[in-house]
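2 protein chains.
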Amino acid sequence: MRYLHTMVRVTDLEKSLAFYRDALGLEVLRTKEVPSGRFTLVFLAAPGDSQAQVELTYNWDPEVLEGGRNFGHLAYAVDNIYATCERLQAHGVTIQRPPRDGYMAFVRSPDNISVELLQAGDPLPVAEPWASMPNVGKW
Amino acid sequence: MRYLHTMVRVTDLEKSLAFYRDALGLEVLRTKEVPSGRFTLVFLAAPGDSQAQVELTYNWDPEVLEGGRNFGHLAYAVDNIYATCERLQAHGVTIQRPPRDGYMAFVRSPDNISVELLQAGDPLPVAEPWASMPNVGKW
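Keeping their order, the protein sequence lines are chains V and U. Take the first sequence: its position 40, counted from the start at 1, is 471 in this note's numbering, and no numbers get skipped. Take the second sequence: its position 112, counted from the start at 1, is 543 in this note's numbering, and no numbers get skipped.
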């Protein structure tokens, strides 16, 4: 038995790739367009960690994707949580829970999927501007 | 960068362990009770695949956990999809999308988290009772 992926639905593939690929730093492993079913699947994973994937499902016909409380978040360990948060900010992503402790941050995808970022290994030294950055909303 | 886990919230820890551990076949890696925060975390993974985890968050104070469309499902490859579905049924789990094709099935957790099961490798030969079993609800 083996974990394959977590699937999340997305309403805008370009915005979602800007988040998951460009801002978060995942790599696209493969894309599958299914015109007969009017959907596109994109599988991504952390670089060098292709076993554990996230699958984006983009249905070509518009739908409203509300969030729910039973799903919590996706979590990734990152090499430098400050660098990751800077990259996310540079792509216009709000850091909802800044890494004030040098260890943990939360952001949200364009479709409100919560993503937890944890510093790999020991926390980084506490540093500005993160240390005094307030939370924004919920995550 | 490395995938850590997908977190889902649960309203009943015993029912959830009966599903994720006993029926689905995941292993409990660790449990963390946090009385000060009034929550319990349980981390599970497929046997032999402990890198990719699912985290159950059980908040001690009752809450309603509705589902949402932005989250899709968790997916696992299994060694024998018929045996897995039999074990799930033996634990009272409805097979919402039976493996009619010897390849794919869907079930739901007690909190309506959709779980996709895919036969590892080639599909199994089509076989009853699965081949003629209808879908139940949505997944």
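It is worth saying that the hints were derived from the structure and are not from the lab. Possibly wrong hints are sitting among the right ones.
Put simply, identical chains are the same to the list, so a pair is met inside one copy or across any two.
[Stated by the list, open to error] Mimicking EDC-like on lysine to aspartate or glutamate, the simulated pairs with C-alpha atoms at most 20 Å apart in a straight line are:
#1 Lys569 x Glu494
#2 Lys569 x Glu547
#3 Lys446 x Asp532
#4 Lys446 x Glu497
#5 Lys463 x Glu559
#6 Lys569 x Glu445
#7 Lys569 x Glu497
Now for the hints, and whether the structure bears them out:
1. Lys569 x Glu494: between (23 Å within a copy, 17 Å between copies)
2. Lys569 x Glu547: within (12 Å within a copy, 29 Å between copies)
3. Lys446 x Asp532: Neither, since 29 Å and 35 Å both go past 20 Å.
4. Lys446 x Glu497: within (17 Å within a copy, 26 Å between copies)
5. Lys463 x Glu559: neither (42 Å within a copy, 31 Å between copies)
6. Lys569 x Glu445: Answer is neither: 24 Å inside a copy and 28 Å across each miss the 20 Å cutoff.
7. Lys569 x Glu497: Result: close both inside a copy and across copies, 15 Å intra and 17 Å inter.
The structure does not agree with the numbered hints 3, 5 and 6 stated previously, though it agrees with the rest.
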